[in-house]
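Going down the list, the sequences are from chains A and B. The numbering of the first sequence is this note's numbering, which starts it at 1 and goes up by one. The numbering of the second sequence is this note's numbering, which starts it at 1 and goes up by one.
Keep in mind that the hints were calculated from the coordinates and are not lab data. It is possible that part of the hints are untrue.
Stated by the list, open to error - Away from chain A, derived, C-beta distances all over 12 Å, residues of chain B:
#: 1; residue: Gly45
#: 2; residue: Asp91
#: 3; residue: Glu130
Said to hold, decoys possible - Only pairs whose alpha carbons sit at most 25 Å apart, straight line, appear in this in silico DMTMM-like list of lysine to aspartate or glutamate:
#: 4; chain 1: A; residue 1: Lys132; chain 2: B; residue 2: Glu105
#: 5; chain 1: B; residue 1: Lys118; chain 2: A; residue 2: Glu27
#: 6; chain 1: A; residue 1: Lys132; chain 2: A; residue 2: Glu73
For glycine and all other residues, C-beta sits at the position ideal for the given N, C-alpha and C.
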Amino acid sequence: RLIPGMAHILNSPAAGIAAMLGQFDNELKKQSPNLGRLKQYVDLIKRNTLSIAVMSRTLSAEIVARVGPQNAEQTELIALLRQHLDKIRPLVPTGIQMRLESQVDQYYFPLSQSERTWVEVVMFNLLHNALKFSPPDNGIIIVDCVAEADCIHVRVTDNGPGIAEDALPHIYQPLFRRETKGWPQGTGMGLYEVRRLLDQLGWDIQASNTQPHGARFCIRIPQNWRHKHEQQKDSSIGR
Amino acid sequence: MSSKKTVLLADDELIHLVSYRDYLEDAGFRVIAVEDALGVEKHFGEARALVVDARLPTARLEGLEVVAKLLRDGTLEPTVAVIFISVHSEDDDVCQQKFKDLFKELPQLKGRYVWLQKHFELEMLLKTIEDELARRQGYLGPLQ
Numbered sequence: 001r002l003i004p005g006m007a008h009i010l011n012s013p014a015a016g017i018a019a020m021l022g023q024f025d026n027e028l029k030k031q032s033p034n035l036g037r038l039k040q041y042v043d044l045i046k047r048n049t050l051s052i053a054v055m056s057r058t059l060s061a062e063i064v065a066r067v068g069p070q071n072a073e074q075t076e077l078i079a080l081l082r083q084h085l086d087k088i089r090p091l092v093p094t095g096i097q098m099r100l101e102s103q104v105d106q107y108y109f110p111l112s113q114s115e116r117t118w119v120e121v122v123m124f125n126l127l128h129n130a131l132k133f134s135p136p137d138n139g140i141i142i143v144d145c146v147a148e149a150d151c152i153h154v155r156v157t158d159n160g161p162g163i164a165e166d167a168l169p170h171i172y173q174p175l176f177r178r179e180t181k182g183w184p185q186g187t188g189m190g191l192y193e194v195r196r197l198l199d200q201l202g203w204d205i206q207a208s209n210t211q212p213h214g215a216r217f218c219i220r221i222p223q224n225w226r227h228k229h230e231q232q233k234d235s236s237i238g239r
Numbered sequence: 001m002s003s004k005k006t007v008l009l010a011d012d013e014l015i016h017l018v019s020y021r022d023y024l025e026d027a028g029f030r031v032i033a034v035e036d037a038l039g040v041e042k043h044f045g046e047a048r049a050l051v052v053d054a055r056l057p058t059a060r061l062e063g064l065e066v067v068a069k070l071l072r073d074g075t076l077e078p079t080v081a082v083i084f085i086s087v088h089s090e091d092d093d094v095c096q097q098k099f100k101d102l103f104k105e106l107p108q109l110k111g112r113y114v115w116l117q118k119h120f121e122l123e124m125l126l127k128t129i130e131d132e133l134a135r136r137q138g139y140l141g142p143l144q
């Protein structure tokens, strides 16, 4: 489902950036360039560059997944999340704040190279989604980690319009697009990809709405998830 | 009523909509920019030229289909220029299948439009609109 749509999903933002740069150039050639216009152009270029970055990483995850079994290495979750946020930060429009607020200092768990790539794709897609639905002039996106007795939660929260209650059960279906009046539509592939990769990892995700408005995606990483996940995989193979 | 020629621009991707809108406004057109087929249906009567993303997604109609609907209803004046824009080629499989069905039902759609595949230079968009407006002004008939 992913690959046939890839050309369109990559070509459209690339063509948009090319057109926008052409117009950016035209504006700069004027005696008094309109700064409001230029600011909007930069924001649109950032958003579309992020779309391409998300898709190219998704494609990498598909390729890396075909490499075969790999050794897992101890990985620190908070540092990993900070790295992903830092990669995205230059592409965040100026009116939107994005920050990491973790209640957990460090959390080590084993991840293979493929799994690290999947986590990156999941975070890029969730942050891309949050950016798309954040108010352009006062958007706030918070990534936080909360530890519980048997798991750790990674949450991505935005202050956008939230998700219509009747859409919540469908948001991970391929090609499902949230239709929120006045907000851009997605490709319908991002959250599908998130769900698919988290299933491969054996992690869970829940979406909900926050007050007064906003959406929250909460990833649940169980303690000893690798051990349990591998046992489950073994028992389903043995059946 | 403005003396400027009006272009109705429809694209669901804001980056395309804004770059084409600002460029055409700088070139002296009045531009009505809409993000879906409903906007096309609402404003087409004000425009001398329609520039429509052929795959404009909406709950009801794609860009190609909304123009076909206007032709079917007989509400699209022959003097109005129609330019489809798309990241897809006019020859790709999905478009070909759509055209095959539409041409069968609406032979007048043939030659009624110009297709521009994104990415094109902004100057190319302007030239295409001006050429089509000139051709439509005298209504010379469909392109051969």
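Check each numbered hint against the structure and report the violated ones by number, ascending.
-> The structure breaks hints 4, 6; every other hint is satisfied.
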